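First to last, the protein sequences are chains V and G.
Final position of the first sequence in my numbering is 896; the numbers increase by one with none missing.
Final position of the second sequence in my numbering is 161; the numbers increase by one with none missing.
Don't read these hints as lab results, they were simulated from the structure.
It is possible that part of the hints are untrue.
[As the list claims (entries may be wrong)] To list a few chain G residues with every Cβ distance to chain V over 12 Å, as calculated:
hint, residue
1, Q64
2, D85
3, K91
4, L92
5, A99
6, Y111
7, N112
8, E119
9, P122
10, R124
11, T133
12, G153
[Said to hold, decoys possible] Computed footprint of chain G on chain V; a stretch qualifies when at least three of its residues, placed anywhere within it, have a C-beta under 8 Å from a C-beta of chain G:
hint, segment
13, 827 to 833
14, 877 to 891
Since the structure is predicted, the reported quantities are computational estimates derived from the model, not experimental observations.
Every residue, glycine too, gets a C-beta built ideally from N, C-alpha and C.
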Amino acid sequence: AQSVTQLDSQVPVFEEAPVELRCNYSSSVSVYLFWYVQYPNQGLQLLLKYLSGSTLVKGINGFEAEFNKSQTSFHLRKPSVHISDTAEYFCAVSTKAAGNKLTFGGGTRVLVKP
Amino acid sequence: NAGVTQTPKFRILKIGQSMTLQCAQDMNHNYMYWYRQDPGMGLKLIYYSVGAGITDKGEVPNGYNVSRSTTEDFPLRLELAAPSQTSVYFCASSYDAGVRAEAFFGQGTRLTVV
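For reference, chain V alone in the conformation it holds in the complex (with noise of 0.2 Å):
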């Protein structure tokens, strides 16, 4: 079975400084991994998604993420937020074994702080 865990449920960040992100999953098959975001009282939007290739990913709104194989881990970054970055994130894991489905972590709250 896959699963996924995002190890911070909350992640306060002042405006312009760095935010990281934290994603871990654990699956026993090769996995596509996925980045949403949840804006207040919207759906989810796709960030960014990992199926293949290069393990460095770029996103909209300059989000990109980095896949670690050794690591299970996908982590999502973006060097500088804005305000309009307050939101919900996020990860998701999806594998062929599982029917592409995909199962969600429980979520990250980022508040962009002036």
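Here the structure of chain V is known, so what remains is to put chain G in place on it, guided by the hints.
Here is chain G on its own, set in the frame of chain V:
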């Protein structure tokens, strides 16, 4: 571009009542999903469908039913509503698995059972 449309956006139900949450997508996607989102728990898969006429249980199917008579629609039925079903419900769709596995989400339905 409508994408995934969910109705209603909000609903209050009394214990024991039933209701149907509607979901429609206009992207000709094969895969459709219903998730529930509880605080700190991420999203849990309730039911999913890989095409018209085909549905299967997800992680938390008890108390719910689905049908998929057309490619576009995937309603979720709650019978005998219980307080434990108070949650935010998201419908999602994706074209396929693998490299096209990006899921598109609706805006959500906030349900309260009292």
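A quick look at each hint next to the structure:
1. Q64: Fine: 25 Å to the nearest Cβ keeps G/Q64 off the interface.
2. D85: violated, 10 Å
3. K91: Non-interface label on G/K91 violated, nearest chain V Cβ at 8 Å vs cutoff 12 Å.
4. L92: violated, 6 Å
5. A99: At about 17 Å from chain V, G/A99 clears the 12 Å cut-off, so the statement holds.
6. Y111: holds, 16 Å
7. N112: holds, 19 Å
8. E119: Per Cβ check, G/E119 is outside 12 Å of chain V; nearest 18 Å; holds.
9. P122: holds, 17 Å
10. R124: At about 21 Å from chain V, G/R124 clears the 12 Å cut-off, so the statement holds.
11. T133: holds, 17 Å
12. G153: Since the minimum Cβ distance to chain V is about 5 Å, G/G153 lies within 12 Å and the statement is violated.
13. 827 to 833: Held - the segment 827 to 833 of chain V has 4 residues with a Cβ nearer than 8 Å to chain G, which meets the minimum of three.
14. 877 to 891: Held - the segment 877 to 891 of chain V has 10 residues with a Cβ nearer than 8 Å to chain G, which meets the minimum of three.
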